[in-house]
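> These protein sequence lines are chains A and B, in that order. This note's numbering puts the first sequence at residues 1 to 211. This note's numbering puts the second sequence at residues 1001 to 1475.
If you are wondering where the hints come from, they were derived from the structure by calculation, not from laboratory data. There's no promise every hint is true.
Straight-line distance between alpha carbons at most 35 angstroms, and here's what the computed DSBU-like set of lysine-lysine pairs gives [said to hold, decoys possible]: (1) A:K112 <-> B:K1230; (2) B:K1168 <-> A:K112; (3) B:K1099 <-> B:K1168; (4) B:K1146 <-> B:K1032; (5) A:K112 <-> B:K1099.
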Amino acid sequence: MSRDHILHRVRTALGRSAGQEPAPPPPVRLRVPEVPRDLRVSSFIARLEALAGHAQRVPSQSAARDLVAAAIAGRTAVASNSPYLAECGITSLPGVRSGIRDVNELRDACEKADVGITSADYALGDTGTLVMIASPAEARLVSLLPPAHIAVVPCDRILTGLDELFTVLPRPADQTSSMVLITGPSRTADIEQILVRGVHGPGQISVFLVE
Amino acid sequence: MSVEFHHKIHDTLADANLQLAIYTATGRLKEKRIEAVASDILPDYQELRSHANAIKKHTIENLDHYLEEFERNVTAHGSKVVYCKDATEVADFVLGLAKQRGARLIVKSKSMTTEEVDLNERLEHHGLESVETDLGEYILQLAHEKPYHIVAPALHKTRYDVAEIFTKRLNVPNEVVIEKQTAIARAVLRQKFLAADMGISGANFLVADSGAVVIIENEGNARLTTSAPKVHIAVAGIEKLIPRAQDVATFLKLLARSATGQLLSVYSSFLSGPRRPGEVDGPEEFYVVLVDNGRSRLLPDRAKRQSLYCIRCGACLNTCPVYRKIGGHSFPWVYSGPIGAIITPQFMGVTHEPGLPFASSLCGACAEVCPVKIDIPRVLLELRSDVKKAEAREGQNRIEKVAFRVFAWVMSHPRVYEMAGRMAASMAPSPDGGWIRNVPPPMNIGPAQAWLSQRDLPPSPSMSFREMWRKRGGR
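So that you can see chain B by itself, here it is in the shape it has in the complex (with noise of 0.2 angstroms):
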């Protein structure tokens, strides 16, 4: 584990206002998710999932065909298709259409996909305004922070949070009732998008057989963003295919539950190309920039490229016990919570972080609630090996593979098993309040101070089960 990895775990867990922010908000999303797929209202929810995951791995089988067949509809329509195979291919193909245009001001809604190639900063760097409109990524990006959820990038800031911000960047008086603050938002974008000159959107779905973008939303900034402006560019990754817009039914009805409890969000779009012949309005140009971004480098992993099916709907940040006390910002990179510590590694490298994967007491709850039944437990184990191979590759923890070996060694004749445990057992500190929270010096030091700093051990028993097995005549 890093030693930033470390401290920032430390310091959220540290404070009590963030602790109670972040329970409470993910506990709210989960309880409501819950509701959402009760049998009672959604009888067919497993044969969704089920549906949904196979969908996802047949299109994932078979990207390109995909990948191509979505290229001419989208054309057919009208639109251009540019291929990007990173961060700054996205940046140039948008920094070159925005000179081409002498477009100035750019209106975004929320976008995972361009928070990853960090496109605001690389658009602001060369002089244009980027602004994001979500009612959170914008608080954010007045704050000059990172989402801290999926779904919710403003989790973590209070309405008092965010009073100071507005005041301090809006140059507005200190406003602290919500739905002031959420007019205040509304007055100065909505002047935004009246003069944008170009709308940058994400998509939850790009469709083979039609061409088309799907957007997911709630708070309309979307559909401005893609209908005021005369430019729509969408940025999406390229494991965003399904095949047809029929199964967009079997998705819109999972992710909007899985992520906020709705049974469907406020707007769900279904965008292709420009405005046509007749249409009063909506953009006169229309891109797809598809965003490879380290994703091929998950396809050739039968076990692992089940990542690439993540619909992005936030259930298993809610409801894991480690996202829900260390919260979205110790993580990494800008996809936090179980499916990030799955993505990050293989997007980064295992190196990148290596305590990422490991940052899990593998309980299950990610899968259970994955509405496209990603074993992320089981991509976590893959992981995890992947980051010893790798450490073991640069000669790394030569104490930790010598001790296993000696554990394996005790581990597998009974006689040293039982007086290494009659051992400890005679060593073991004195419990305190009924646990052993810390050995006593000079032992505790290096791993077996670092191991119990996150664990405590029950005290040892009087008796070993052999003892006692024996005492009783071994039957």
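Same shape as in the complex, but just chain A (with noise of 0.2 angstroms):
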């Protein structure tokens, strides 16, 4: 439509010629701090319970896997597919769908599932945010459609903040369609700024930290 007509009205606008290189752009402006791992994990934990949400170390695989037992105690879980979550022994706990590759069998049972559960490719200490890559591993709508989501995340997968994300991922869309970061539950105060969790997306928020 009028793609050669808005083009030559900016150009002609900034005094530019058709394929005229730019100057060069401001340098990029990453800082990653040197943060103790002990920190990041701790700050992590601090920021996301801030927010409502809650984050816990544990020891171990197996110690994820039956606080996540423990916490959908008798409730429906859809899982990612996630091979972290298969090795914690969380895809075989009772109550758990996981597997699911069709789109539209995953929808349904994210529509109906009370929990969700996934692991995280990142998460970023400085801000309790986990950063959810799209993949065959893991879907979108598992940390979006159910009322709770559950991630189980590494300890060594916590980078400081978003300068490290994006030191580590200079470009996310060379990998995956979908980069969401999401930082604590989902929220509103369009209504007289009074706060209020699980609009759209899950007001309930845990993430496991597995050393």
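Dock chain to chain to rebuild the complex, using the hints, since each chain is given by itself in its own frame.
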């Protein structure tokens, strides 16, 4: 439609010609501080708890499995296809469905489930953020449709913050159609500035950080 | 100032409940921002602002280059880029695609750009159902109103207003508990998400080197809009470009802090194209609609093009003494507050609402909080000058012109000035409670009345400065 018209208008207005290279952009500004692992973990926990999420450090994969089992107790859950969840023994817990590869089936299961269980590709210590990269292992809807989200993440995936994330992943689009940073439970303050959790996404979020 | 603008301002000022609502909400947002950018929490805040400004400046100065780079990379991910010069083209594209795909129901996440082009109204006019899914926007859609604030669209609505709107439009029992109101909206909208044929989102940033659309939100409705339906259309102004994914870090650190005082918003989605092979879910088709709608008109002017750096955080609204009194709906277009006052005249033409650039005390609070350092007062001054030039071209305001000539003559002739001062002092009305609030008849008409309706004057002193000076022997 108006592609050439708009590009021409923009160029003329800026006094540029077609194909003209721009001056170099300002240098990238990423500062990655040295933060010991223990501090990254404790910072993650403090930040997420401040947002009314739950975060906890656990000593082993089997301990994580037991905590997840206790957390879902009697409720239904959908687990993502993350190999890490299988490794922890979470996918074979009673009440947990996993291994779904069909989009309609996944949507249906996530809509009915009480809990969505995922791992995370990274976590950010200074904000309490989970980094979810869509892949065959992690679908988008598992951390989105159920009213509660549980993530089980190895401690060594905790980065310091955004600057380190974009240092490790300079171009996320090269490997996924969707990277989502999740910082706390879904929330709104659209009516009278009163905070309400669990609007469209999960109102509860629990993260188990495994040693 | 148009009659409509004048009336809306007076209606807002006269509504005590509304005044309280605006003042409380903006006050809270303002305080949260101050806490979130405090130097112990974000020591490099000022550096980040300067950096963000430099990136925006560079991108806008080379916008055609980054548009083309973005287009190449989006296309490489199997998506399509559509350029639209105005509202009609945006609606035509969406309608055409909906027809081809047999779509009837569209879910929408918050987007000021789609508000700007009246997309919902245009789609509904052609028989499509287009549902806003951000809680605030949903309430306003049900109430047939425009957003009151860039970030908090339903800022002016109380829980009782919402109860009334929901009862009337959704046939639900009267419910005044905010948590339960939110649950009602969640239940209704969840069904819409799952049934929708297309999802339309806005975009906070378009990343050229990745062909990615970045969307920031708190509720999860944008995630649902962009992952549940088979088709995702992102609608964005052409100024939303940034060069590299790595630049996103800088803007993420500034945006949520400036908007709501959060360190990060709950969801920051970095989306590039439809679902890829092996990925379990996500849309099958992905379109990016790049909207001009007046933006390219801002580019030639070096001083004013910085208006396009805006990242729509709303911080300038919350801090603006004018917005906090006259509210969002007094402004003549969808963008309100200081940023609305500089964008509207440039998109719509300065004569659209000539009073707008003058509705400011130029106090500079907006420029102080702007995360990308837009010099809003400077642009307002430029626009005031544009308004006056346009009026002169149209032969308007001859009286004002003559008045300023007389003023200039008086000011450049000390003796005349002194005489005029003495005359004015002797004629000044007696102060009412320490201030002069009006002039006595028959002078209380026309410009004098209009000017004093907004201002109180201190009483004139018994002696002028010059007289005091002379009395002291000129030393």
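> For each hint given before, does the structure comply? Return the numbers of the non-compliant ones in rising order.
none
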